Amino acid sequence: EDQVTQSPEALRLQEGESSSLNCSYTVSGLRGLFWYRQDPGKGPEFLFTLYSAGEEKEKERLKATLTKKESFLHITAPKPEDSATYLCAVSGTASKLTFGTGTRLQVTL
Amino acid sequence: ETGVTQTPRHLVMGMTNKKSLKCEQHLGHNAMYWYKQSAKKPLELMFVYNFKEQTENNSVPSRFSPECPNSSHLFLHLHTLQPEDSALYLCASSTSYGADEQFFGPGTRLTVL
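Residue numbers (my numbering), protein chains in the order written: chain P, 1 to 109; chain U, 1 to 113.
By construction, these hints were calculated from the structure, which means they are not laboratory data. Here the structure is a predicted model, which means the values were calculated and not measured. Idealized CB from N, CA, C, for every residue including glycine. Among the hints, erroneous ones may be present.
Said to hold, decoys possible - Below, computed lysine to any residue pairings styled on SDA-like, alpha-carbon distance capped at 25 angstroms:
hint, chain 1, residue 1, chain 2, residue 2
1, U, LYS41, P, ALA94
2, U, LYS40, P, GLY54
3, P, LYS96, U, GLU53
4, U, LYS40, P, ASP82
5, U, LYS41, P, THR5
6, U, LYS19, P, LYS69
7, U, LYS36, P, ALA10
8, P, LYS96, U, ALA87
9, P, LYS42, U, THR7
10, U, LYS41, P, SER20
11, U, LYS41, P, GLY32
12, P, LYS42, U, ARG109
13, P, LYS96, U, ARG109
14, P, LYS69, U, LYS41
15, U, LYS22, U, SER38
16, P, LYS57, U, SER96
17, P, LYS79, U, SER96
Stated by the list, open to error - Only part of the chain U face toward chain P is listed, based on derived beta-carbon distances under 7 angstroms:
hint, residue
18, ALA39
19, PRO42
20, LEU45
21, TYR97
22, GLY98
23, ASP100
24, GLU101
25, PHE104
As the list claims (entries may be wrong) - Here are the simulated distance ranges between beta carbons:
hint, chain 1, residue 1, chain 2, residue 2, range
26, U, ASP100, P, LYS42, 41 to 47 angstroms
27, U, THR95, P, LYS59, 16 to 22 angstroms
28, P, ALA94, U, GLN82, 39 to 45 angstroms
29, P, LYS63, U, GLU67, 40 to 46 angstroms
Generate the whole structure from the sequences, applying the supplied hints.
Pasting the structure below:
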C-alpha cells in the first residue's frame with residue numbers, strides 16, 4: 001500500500017526565514033509526486049509534479065526536489081501570503097493519488 | 001466559468017434528509033473524482049469516473065451514491081447520513097484516470113446534524 005508522511009505537521013516562520021518541508025513516501029512504481037497548496041476553506045491548488053529522482057522544479061519562492069524516498073519543498077524568503085497548508089501526494093501503479101496529512105505553514109511579519 | 005466548480009459551497013442537513021452535491025468541470029477532462037477531507041486526516045478518495053464509467057469505489061458506504069451523466073458533470077447523492085460524515089467534500093478532474101495532476105474544486109462543507 002502506498003504511503004505518504006509529511007513533516008513537520010506545522011511550521012511557523014518569520015518573513016524572509018527560509019525553510020524546507022519534507023514528504024517521505026513509499027509507492028509501488030512511482031508515476032509522479034505532486035505538491036499542492038491549500039488555503040483554509042478552499043480546494044487544493046496544484047503546484048508541481050516530479051517524475052524521477054534528481055528532478056527539480058521552481059515557482060517563485062518555491063522549489064521542489066525529489067529523491068527515491070522523499071521530496072522537499074524549499075521555501076526561500078517566504079512572505080505572509082505563502083501561509084497555507086502544503087500537501088504532498090504520490091501516484092503509483094494503482095493510478096490513484098495517495099495524500100499526506102499536510103504541513104500547515106504560517107509566515108509572520 | 002473556468003476550472004472546477006462545486007455547489008453548494010456549504011450544506012447543513014439532518015440525518016434523515018436527502019441532498020445532492022454537484023460538480024462541473026470546464027477543462028475538457030475525462031476523469032472526475034470525489035474526495036472526502038476530514039480534519040487531521042489525508043484526503044480520502046471516494047469514487048472515480050473515467051469516460052463516464054465508474055472505475056473506483058473505495059469501500060464507500062451506500063448512503064453516498066455517485067452519478068456521472070457526462071464527462072463534465074458529477075453528482076454525489078446523500079441520504080441518511082451520520083454526523084461523522086461531516087467533512088469537506090472535494091471534486092477533482094484530470095485528463096484521464098492515472099494521468100498527471102488533478103485539478104480540484106473549492107469543495108462543499110457538509111455538516112450533518
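Now for the hints, and whether the structure bears them out:
1. U:LYS41 - P:ALA94: Holds. LYS41 of chain U to ALA94 of chain P sits at ~21 angstroms (cutoff 25 angstroms).
2. U:LYS40 - P:GLY54: 31 angstroms, violated
3. P:LYS96 - U:GLU53: Status holds; Cα separation ~16 angstroms.
4. U:LYS40 - P:ASP82: 21 angstroms, holds
5. U:LYS41 - P:THR5: Given pair LYS41 of chain U, THR5 of chain P holds - Cα atoms ~11 angstroms apart, limit 25 angstroms.
6. U:LYS19 - P:LYS69: Roughly 43 angstroms separates the two Cα atoms, so the pair is violated.
7. U:LYS36 - P:ALA10: 21 angstroms, holds
8. P:LYS96 - U:ALA87: Roughly 21 angstroms separates the two Cα atoms, so the pair holds.
9. P:LYS42 - U:THR7: Since the Cα atoms of LYS42 of chain P and THR7 of chain U sit roughly 13 angstroms apart, the hinted pair holds (cutoff 25 angstroms).
10. U:LYS41 - P:SER20: 22 angstroms, holds
11. U:LYS41 - P:GLY32: 21 angstroms, holds
12. P:LYS42 - U:ARG109: 10 angstroms, holds
13. P:LYS96 - U:ARG109: With a Cα-Cα distance of about 23 angstroms, the restraint between LYS96 of chain P and ARG109 of chain U holds, given a limit of 25 angstroms.
14. P:LYS69 - U:LYS41: 22 angstroms, holds
15. U:LYS22 - U:SER38: Satisfied, since the Cα-Cα distance of roughly 19 angstroms is no more than 25 angstroms.
16. P:LYS57 - U:SER96: 23 angstroms, holds
17. P:LYS79 - U:SER96: 35 angstroms, violated
18. ALA39: ALA39 of chain U check fails; min Cβ-Cβ to chain P is 10 angstroms, beyond 7 angstroms.
19. PRO42: With a closest approach of 4 angstroms, the PRO42 of chain U hint holds.
20. LEU45: 5 angstroms, holds
21. TYR97: 6 angstroms, holds
22. GLY98: 4 angstroms, holds
23. ASP100: 6 angstroms, holds
24. GLU101: OK, holds: GLU101 of chain U within 7 angstroms of chain P, min 5 angstroms.
25. PHE104: 4 angstroms, holds
26. U:ASP100 - P:LYS42: 41 to 47 angstroms: 21 angstroms, violated
27. U:THR95 - P:LYS59: 16 to 22 angstroms: 21 angstroms, holds
28. P:ALA94 - U:GLN82: 39 to 45 angstroms: Given about 28 angstroms between the Cβ atoms, the range is violated.
29. P:LYS63 - U:GLU67: 40 to 46 angstroms: 41 angstroms, holds
Violated hints for the displayed structure, listed by number in ascending order: 2, 6, 17, 18, 26 and 28.
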